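Novice: What follows is the residue order along each chain.
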Amino acid sequence: MSDQKNNDEEERISGWQSLIDNPFLLLFIGVAMPTVFYIVWGIMEIVNVPVAP
Amino acid sequence: MAEFRVCPDSGFYFHKSAESLMKVNAVVGIVALLVAGLLALGVVLTRWQEVHWLPADTFYMVLTAHGINALIFWIIFFEMAVLHFASSTLLRCRIATPKWAWAGFFLMLIGAVMNNVAVFSGASSVMMTSYVPMQAEPHFYLGIILFAVGALIQVFVFFGTLVVAQQEKTYDGSVPLVTFGAITAAIIAVFTIASGAIILIPTFLWSIGYVSHIDAEMYRVIWWGLGHSSQQINVAAHISIWYLVAGVLFGARPMSEKVSRFAFLLYIFFLQLASAHHILVDPGISTEWKIFNTSYAMYLAVLASMIHGLTIPGAIEVAQRGKGYTKGLFEWLRKAPWGNPVWSGVAISVVTFGFIGGITGVVMGTEQINLIIHNTIYVPAHFHATVVTGTTLTFMAITYLLIPVLFRRQLFLPWVAKMQPYVFGGGMTILILFMLGAGTMGVSRRHWDMDFAGAAMAFEYPAIAYTLMAVGAIGGVLGVVGGGMFLAVAVGSLLFGKKLEPSAGILESFAGKPLAASVYNIDKPEVLAMAPKLKEEHHKGFEAPGTFILAMLLLVTFVVYYFINWKYLASVWPLG
Ligand code: HEM
Ligand SMILES: [Cu+2]
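Sequences listed follow chains D and U, in order. Taking my numbering, the leading residue of the first sequence gets 218, the next gets one more, and so forth. Taking my numbering, the leading residue of the second sequence gets 19, the next gets one more, and so forth.
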């Protein structure tokens, strides 16, 4: 039981660890998130504003 | 060829080329702070209506230059020094491509000077936000673009240095937490600078006539990708420094490395989306976009700040209790080195940033209650709590630590340094609190004349608003005095401070000339070992009860203040 738990813990840590230890993956995520949700979505909103007649 | 030295007092390793870059970036940053501080005097003494010092056009010019020199040039130059320190020194490795870093530095310098020339020639008083369709002179935009490109180059040198450290195996396991925080700052910087480029390059082309039209709303949305995210670089950088100072002064270890890193990870994912709070009242943008970006996403970032706010004082408390300061809830805090400006600066910064900056920020970021303070002097009050008593005061504190370590000079006028965080922090806190009050009464930001003399549509502020602005201004003057004290100590130390290393002369301090060759006598620093795993102790109670009480105090303050603001909103729209 407790062995099983320890193994799970290690698995989880190693996935998490490889994310944390890869600055370029983090850089990609950190730039992609705001680019998609803030910039791209924001521009789509503005483009959809109807032009004044 | 030996290229490293180790500081005999602190044990930090410095790579020769990295050291020079840290010095020049920090020094130029401090010069920008000097300019900004002098201009601040013009700003507050004009907003104090009874004094009303500068004429309108000069006021707007001075306010533009104050904002840009303080927020952009001072802070970002200093951050470049922080990045080189957090990579090369903390990872004990050589800096990657120092020539590129110098090129970046000079581009930043040229850009900063060019922008200042544009502003002070008087035809570019467009405020630091430079919203279109207001138009500045072309070299105003070009200056900022060059500055940004230079900063981006230095940020990539930072990433390159991480790769060098990894390949040359200068550290074991994962990078230290402080470096991880710096990585967070650098990642945010890349997005920040990219947003700036996307909008400012077309705006520059528009100013020289190549582009006929820049959409005002498009400008605002993308510009704030730069304007707000750059504040998040500051947050990540100054929080990293808090961890560093906790470690250096107290030997404190984060209560959980994993939790602290997770908090930085939340910053990387979510912090930048909060840029949307600047667009809350803009028509044409959907509520979905506003709510998603400012609420759901931002609160995850706020959670991260709460984690840091709990774990840093908590770690210090645990370390202090370990040294035997266990009486009551707060002996650990009372016995902290309050006479050491490195500590007092950081402590004041943590408190004002958390209590004032954090709480007002969450309040303003809420779409509904934002309406009662939007574009009032409440906004500058909020961000002086984040970027001045938060970031700037932290950078000042770390400067006191670095003068002996990096510049090899003793502090000049140590008694001035000892008082400085209190004068600066105290003065600015007065300015902030009273401007918050005035903003709640509706006093506008960026406004030359509270009397609206001769205006077509005037408004009469209650007399109390004038009083609040006046008291705030007195606090502001005190803040400028405190800023002057910092400059006297910092510049004085580099000029007259006792040399801790005989070759630490003027050029070495100000121009980044390396120390005598014999000082660099280490070929390869010792590999940075992983910190030993903290013992998994299972405590019955919470290890840091004092910190827990402080955190509860913050929560209660927040809840009360939040409630008051909603109440106030209801009374603005007579609802109850
Ligand atoms: C030395 C003490 C300082 C004082 C007394 C001071 C005072 C002020 C005041 C009163 C305003 C608002 C003016 C208005 O909206 O009408 C202002 C604006 C501003 N300040 Fe400061 N400040 C100080 C230092 C700083 C520092 C260190 C920073 C940044 C790190 C900073 C960044 C800004 C920015 C970005 C603005 C907004 C400019 C704009 O609206 O475009 N200030 N300052
Ligand atoms: Cu913001």
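Watch out, some of these pointers could steer you wrong.
[Stated by the list, open to error] Okay, derived cross-link-like pairs now, DMTMM-like style, lysine to aspartate or glutamate, Cα gap no bigger than 25 angstroms in a straight line:
no.: 1; chain 1: U; residue 1: Lys187; chain 2: D; residue 2: Glu262
no.: 2; chain 1: U; residue 1: Lys308; chain 2: D; residue 2: Asp238
no.: 3; chain 1: U; residue 1: Lys34; chain 2: U; residue 2: Glu186
no.: 4; chain 1: U; residue 1: Lys276; chain 2: D; residue 2: Asp238
no.: 5; chain 1: U; residue 1: Lys542; chain 2: D; residue 2: Asp238
no.: 6; chain 1: U; residue 1: Lys353; chain 2: U; residue 2: Glu561
no.: 7; chain 1: U; residue 1: Lys542; chain 2: U; residue 2: Asp27
[Claimed, not checked] Ranges between beta-carbon positions, derived for each pair:
no.: 8; chain 1: D; residue 1: Phe245; chain 2: U; residue 2: Phe348; range: 43 to 51 angstroms
no.: 9; chain 1: D; residue 1: Phe245; chain 2: U; residue 2: Ser521; range: 21 to 29 angstroms
no.: 10; chain 1: D; residue 1: Val253; chain 2: U; residue 2: Phe280; range: 16 to 24 angstroms
no.: 11; chain 1: U; residue 1: Ser462; chain 2: D; residue 2: Pro270; range: 53 to 61 angstroms
no.: 12; chain 1: U; residue 1: Tyr317; chain 2: D; residue 2: Phe245; range: 32 to 40 angstroms
no.: 13; chain 1: D; residue 1: Val266; chain 2: U; residue 2: Ser230; range: 17 to 25 angstroms
no.: 14; chain 1: U; residue 1: Ile219; chain 2: D; residue 2: Ala249; range: 17 to 25 angstroms
no.: 15; chain 1: D; residue 1: Val268; chain 2: U; residue 2: Ala506; range: 51 to 59 angstroms
no.: 16; chain 1: U; residue 1: Tyr586; chain 2: D; residue 2: Asn265; range: 46 to 54 angstroms
no.: 17; chain 1: U; residue 1: Tyr314; chain 2: D; residue 2: Gly232; range: 23 to 31 angstroms
no.: 18; chain 1: U; residue 1: Gly342; chain 2: D; residue 2: Val253; range: 29 to 37 angstroms
no.: 19; chain 1: D; residue 1: Val268; chain 2: U; residue 2: Leu223; range: 19 to 27 angstroms
no.: 20; chain 1: U; residue 1: Met19; chain 2: D; residue 2: Ser235; range: 33 to 41 angstroms
[To be verified] Simulated coverage check for chain D against chain U, where a stretch passes if three residues somewhere in it have a Cβ under 8 angstroms from a Cβ of chain U:
no.: 21; stretch: 235-248
no.: 22; stretch: 251-261
Honestly, the hints are just simulated from the structure, not real lab data. Here the structure is a predicted model, which means the values were calculated and not measured. Every residue, glycine too, gets a C-beta built ideally from N, C-alpha and C.
Novice: All hints are to be evaluated individually against the structure, with a verdict given for each.
Specialist: Comparing the hints with the structure gives:
Annotation: proposed proximity of Lys187 of chain U to Glu262 of chain D is violated, straight-line Cα distance about 47 angstroms (limit 25 angstroms). With a CA separation close to 33 angstroms, the supplied pair Lys308 of chain U and Asp238 of chain D exceeds the 25 angstroms bound. For the proposed pair Lys34 of chain U and Glu186 of chain U, the alpha carbon gap of about 17 angstroms is at most 25 angstroms, so the pair holds. A distance of roughly 12 angstroms separates the Cα atoms of Lys276 of chain U and Asp238 of chain D; the hinted pair therefore holds under the 25 angstroms criterion.
About 23 angstroms separates the Cα atoms of Lys542 of chain U and Asp238 of chain D, which keeps this hinted pair within 25 angstroms; it holds. For the hint pairing Lys353 of chain U with Glu561 of chain U, the CA-to-CA distance comes to about 18 angstroms; that is within 25 angstroms, so the pair holds. Distance restraint check for Lys542 of chain U and Asp27 of chain U: the Cα-Cα separation of roughly 19 angstroms lies within the 25 angstroms cut-off, and the hinted pair is therefore satisfied. Range check, Phe245 of chain D to Phe348 of chain U: Cβ separation about 44 angstroms, and the 43 to 51 angstroms hint holds.
Phe245 of chain D and Ser521 of chain U have their C-beta atoms about 44 angstroms apart, which leaves the hinted 21 to 29 angstroms range violated. Evaluation of the 16 to 24 angstroms hint for Val253 of chain D and Phe280 of chain U yields a pass: the beta carbon distance comes to about 22 angstroms. At about 33 angstroms, the CB distance of Ser462 of chain U to Pro270 of chain D disagrees with the hint of 53 to 61 angstroms. Taking the beta carbon of each, Tyr317 of chain U and Phe245 of chain D are about 24 angstroms apart, not inside 32 to 40 angstroms as hinted.
For the pair Val266 of chain D and Ser230 of chain U, the beta carbons lie near 19 angstroms from each other, so the given range of 17 to 25 angstroms is met. Restraint check, Ile219 of chain U to Ala249 of chain D: a C-beta distance of roughly 21 angstroms satisfies the suggested window 17 to 25 angstroms. Remark: the range hint 51 to 59 angstroms for Val268 of chain D to Ala506 of chain U is upheld by a beta-carbon distance near 57 angstroms. Separation of Tyr586 of chain U from Asn265 of chain D is about 34 angstroms and departs from the stated range, judged on CB atoms against 46 to 54 angstroms.
With their beta carbons about 25 angstroms apart, Tyr314 of chain U and Gly232 of chain D fall inside the hinted range of 23 to 31 angstroms. Restraint check, Gly342 of chain U to Val253 of chain D: a C-beta distance of roughly 52 angstroms breaks the suggested window 29 to 37 angstroms. Taken as a hint, the range 19 to 27 angstroms holds for the pair Val268 of chain D and Leu223 of chain U, whose Cβ atoms sit roughly 23 angstroms apart. Checked against the given bound of 33 to 41 angstroms, the beta carbons of Met19 of chain U and Ser235 of chain D, roughly 36 angstroms apart, stay inside it.
Note: the stretch 235-248 of chain D has 10 residues with beta-carbon separation from chain U under 8 angstroms; the three-residue rule is met and the coverage holds. Counting residues of the stretch 251-261 of chain D whose C-beta sits closer than 8 angstroms to any C-beta of chain U gives 8, which meets the bar of three, so the coverage hint holds.
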